[in-house]
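Can you make the complete structure from the sequences, with help from the hints?
Each protein sequence line maps, in turn, to chains U and Y.
If you use the working numbering, the first sequence corresponds to residues 1 to 88, in order.
If you use the working numbering, the second sequence corresponds to residues 1001 to 1231, in order.
Hints listed in this document are in silico derivations from the structure and should not be mistaken for laboratory results.
Be careful, since some hints might not be right.
Pairwise CB distance ranges, derived in the manner of DEER restraints [claimed, not checked]:
#, chain 1, residue 1, chain 2, residue 2, range
1, U, A12, Y, E1159, 24 to 30 Å
2, Y, W1032, U, A12, 28 to 34 Å
3, U, R42, Y, Q1133, 44 to 50 Å
4, U, S77, Y, Y1055, 42 to 48 Å
5, U, V5, Y, Q1133, 47 to 53 Å
6, Y, P1208, U, K41, 41 to 47 Å
7, U, V22, Y, R1022, 45 to 51 Å
8, U, F34, Y, S1212, 31 to 37 Å
9, U, R38, Y, K1231, 47 to 53 Å
10, Y, E1134, U, L56, 51 to 57 Å
11, Y, E1157, U, D65, 26 to 32 Å
12, U, P2, Y, Q1133, 27 to 33 Å
Nothing here was measured: the structure is a model prediction, and the numbers come from that model.
Cβ atoms here follow ideal geometry from the backbone N, Cα and C, with glycine treated the same way.
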Amino acid sequence: MPTIVVEVMPKAELLDPQGKAVAGALSRLGKGAFTDVRIGKRFEVTVEGEVTEAVLADVRELADDMFSNSVIEDVVSITVADDATTTR
Amino acid sequence: MRVGVVTFPGSLDDRDAQRAVRLAGGEPVALWHGDHDLKGVEAIILPGGFSYGDYLRAGAIASFSPIMADVVDAANAGMPVLGICNGFQMLAEARLVPGAHTRNAHQQFIRRDQRLVVENARTDWTNGFTEGQEITIPLKNADGRFIADAETVKRIEGEGQVAFRYVGVNPNGSMDDIAGVTNARGNVVGLMPHPEHAVEEGFGPDTPAAMSSGVDGLTFFTSVLERALAK
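Right, here's the structure in full:
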């Protein structure tokens, strides 16, 4: 069954405490070349049947209304895993 | 007055909110997240806790519960709704109040008796206070950092929608020290601290007068009861 992948990131201008904690660990490990880490979310949505334009429209709506909160996050990509076609 | 308290999977302080309503002189009514039934209540409390384990975003999955459709309709029709901590996060996710919440800036869970200043004493839940009054309310959260875009912050500051502000310590990195907000109409109020934990002497936060004697939270619940009587 096809899988649609939705990726959500905290808005660039907002503090990402998780990413900051990991960046701190990198610097303590001597990996100072990596100056910043930001952590987002990846949703893998399995679909029964074909990925039609209507299904994609549904996922786009869910991505905006449920998977992300536009006050603090951006939907950065929606792709169909099988052919990795960018649809957004 | 019948005041509904909604229980979600992972609610923790629903019974405490019911007790606060009772101590204030109201009749608490237990409501269930999976129902479409507000049981004829005249006000609603969304209690604290960790609904759905804070998965996705704090309050996000609960904000899609069946009963939330009814809560949103009632709120838009003017019914008083109070969101406490996780309930505040639900109100923000449901877009009943402005803003959103993220992990505390210091990345840790925090529990403290928190000083607040009342910025708006005209809402259904704050009219028993006076503006500028300082109160102490217990606070306990991990995702309490209030965030909104600059334009929204400017608007809510200008229109008196900041209901409470942290005093002394900003416990989570919230913008403008914002601890609680209201909608434009003043019937929906959300805040991170827990007024239901400061309603009975012997079980509240410490005050200069005596240990555990703080009851500043009771005024939230008496405010909504008294406003209903005045109508």
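Going through the hints against the structure:
1. The hinted range of 24 to 30 Å is satisfied by U/A12 and Y/E1159, whose Cβ atoms lie roughly 28 Å apart.
2. The supplied range of 28 to 34 Å is broken by Y/W1032 and U/A12, whose beta-carbon atoms lie about 40 Å from each other.
3. Roughly 47 Å separates the CB atoms of U/R42 and Y/Q1133, a value that falls within the hinted 44 to 50 Å.
4. At roughly 22 Å, the beta-carbon separation of U/S77 and Y/Y1055 lies outside the given 42 to 48 Å, and the hint is violated.
5. A hinted range of 47 to 53 Å holds for the C-beta pair U/V5 and Y/Q1133, which are about 51 Å apart.
6. Between Y/P1208 and U/K41 the beta carbon distance is about 46 Å. The supplied range of 41 to 47 Å therefore holds.
7. One distance hint, 45 to 51 Å for the beta-carbon pair U/V22 and Y/R1022, holds here, with the actual separation near 46 Å.
8. A beta carbon spacing of about 49 Å between U/F34 and Y/S1212 contradicts the range 31 to 37 Å that was offered as a hint.
9. Checked against the given bound of 47 to 53 Å, the beta carbons of U/R38 and Y/K1231, roughly 50 Å apart, stay inside it.
10. Range check, Y/E1134 to U/L56: Cβ separation about 53 Å, and the 51 to 57 Å hint holds.
11. For Y/E1157 paired with U/D65, a C-beta distance near 27 Å keeps the hint of 26 to 32 Å intact.
12. Between U/P2 and Y/Q1133, the C-beta spacing of about 58 Å breaks the proposed range 27 to 33 Å.
When the structure is compared with the earlier hints, violations turn up for hints 2, 4, 8, 12 and for no others.
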